[in-house]
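Protein chains: 2
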Amino acid sequence: MSDALTLRPANIADWPAMWTIFHAVIAGGDSYVFDPSTSENDASAYWFGPGIVSWVALEGERVVGMYKLVANQRDLGNHVANASFMVDPTVHGRGVGVTLGKHCLVEAKRAGFAAMQFNFVVASNHGAVKLWQKLGFTIVGTLPRAFRHATLGLVDAYVMYRFLDDIAD
Amino acid sequence: MSDALTLRPANIADWPAMWTIFHAVIAGGDSYVFDPSTSENDASAYWFGPGIVSWVALEGERVVGMYKLVANQRDLGNHVANASFMVDPTVHGRGVGVTLGKHCLVEAKRAGFAAMQFNFVVASNHGAVKLWQKLGFTIVGTLPRAFRHATLGLVDAYVMYRFLDDIAD
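Those sequence lines, one after another, are chains A and B. Per my numbering, residue 1 is the first one in the first sequence, and the count goes up by one each step. Per my numbering, residue 1 is the first one in the second sequence, and the count goes up by one each step.
Hints in this document: simulated from the structure, not taken from any laboratory. The beta-carbon is built from N, C-alpha and C at its ideal position, and this holds for glycine as well. The reader is advised that the hints may include incorrect statements.
Output of the computed footprint for chain B on chain A, the stretches with three or more beta carbons under 8 Å from beta carbons of chain B [said to hold, decoys possible]:
id, region
1, 6-18
2, 27-39
3, 73-84
4, 132-142
5, 157-164
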C-alpha cells in the first residue's frame, strides 16, 4: 500500500503526464481495447468530457496513475457506475492501483451510485482481475474471445460487478 | 414469420416514423435504458452517426421496425458487433423482430464481425430474451439490479452473446 500518494481531481494541466501513462499502458496491446496507435485526441476525450469525473494520483508532484468515473448506462441504468484505471508501469507493485480503486469506490458511493460495473476486464490480465476481486468485485459475465491480445490472440474478457452498500461515504 | 417485409438501410427521411416507434417503445420504461422523456435529438443520435449502420423494415411503405449495427468496442475489441432493435408495438407478434434479428446477423457477418453481443437485455423482457435465445444467443452475464423498471423496480439485465461462424454471408 502506497502511503505517499495524494489524490485530486484531474485537470487539463495534468494531461501531458496522463497521456504519457496512457500511452505506456496501451503500448502492449494486452489490457485495454485501445490500439497502441490511438491518437492523443481520442485519448484525451476518454479522460475529459461531459459526465466524466477523472482523478489523478500523485507521488509528490508526479502523476503516477489515474481513474475515470462515469455512469455505465444513461437514464434507467445510471445508478450503476463504470470506471477505468491506469497506473504508470514504472510504479507497478507499490499499491497505486489499490489506492485508486478504493478511492474510486468511495467517490462512486458519494455520487449516489448503487453499484459499479467493469465491462471489459481482459481475462489474461491476472493482476487486474485479482485486484478487483480483492476489492469486492465478482465476475458476473464472460465474453468469449472478445479481446484481440497482441501476443495471445483472442482471449476472453470479464464483466465484473460490485454493489456499493458496504462502502462508507 | 412476416413475409411482407422489405428491409433497406435507413435514411434521414425515415426519421419521423423511426422517432414515433422509438418513443412508443421507450414509453413503458420497461425494456430500454432510455427515459420516456428522451429528446428527439438524443434519439436520432442513437440511430444515425459515424460508425452506425441502421436498417428499417417496411410493410408496404410503412416503417414497422428498425435495428442498428455497430462495433461493441473500438480497436482490439471491434470484431464483436453490438445491435439494437425496436419494433412498432402495434405490429408485435407478427415476426418483425425475428426478421430483423436474422437480417442483422447476416449483415454483421458480411461486415466481418466474428460475434455479436447485447450489453443490456432487461431480464423481465421475456419476449426479447426468448427471441435472442431462439436466434442462437446465450446469456453470458447477469448484471444484478442494473435496470430501474418503471413498474417492477430494480431488475437484472443480461449480457447475451453469439458467435457468427454458422451465419451464411
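Hints versus structure:
1. 6-18: Answer violated; 0 residues pass the 8 Å Cβ test.
2. 27-39: Contact hint for the region 27-39 of chain A vs chain B: holds, 6 residues under 8 Å.
3. 73-84: holds (count 8)
4. 132-142: holds (count 3)
5. 157-164: As far as the region 157-164 of chain A goes, the hint holds, because 4 residues have Cβ atoms under 8 Å from chain B.
Going through the hint list in order, the structure does not satisfy hint 1, though it satisfies all others.
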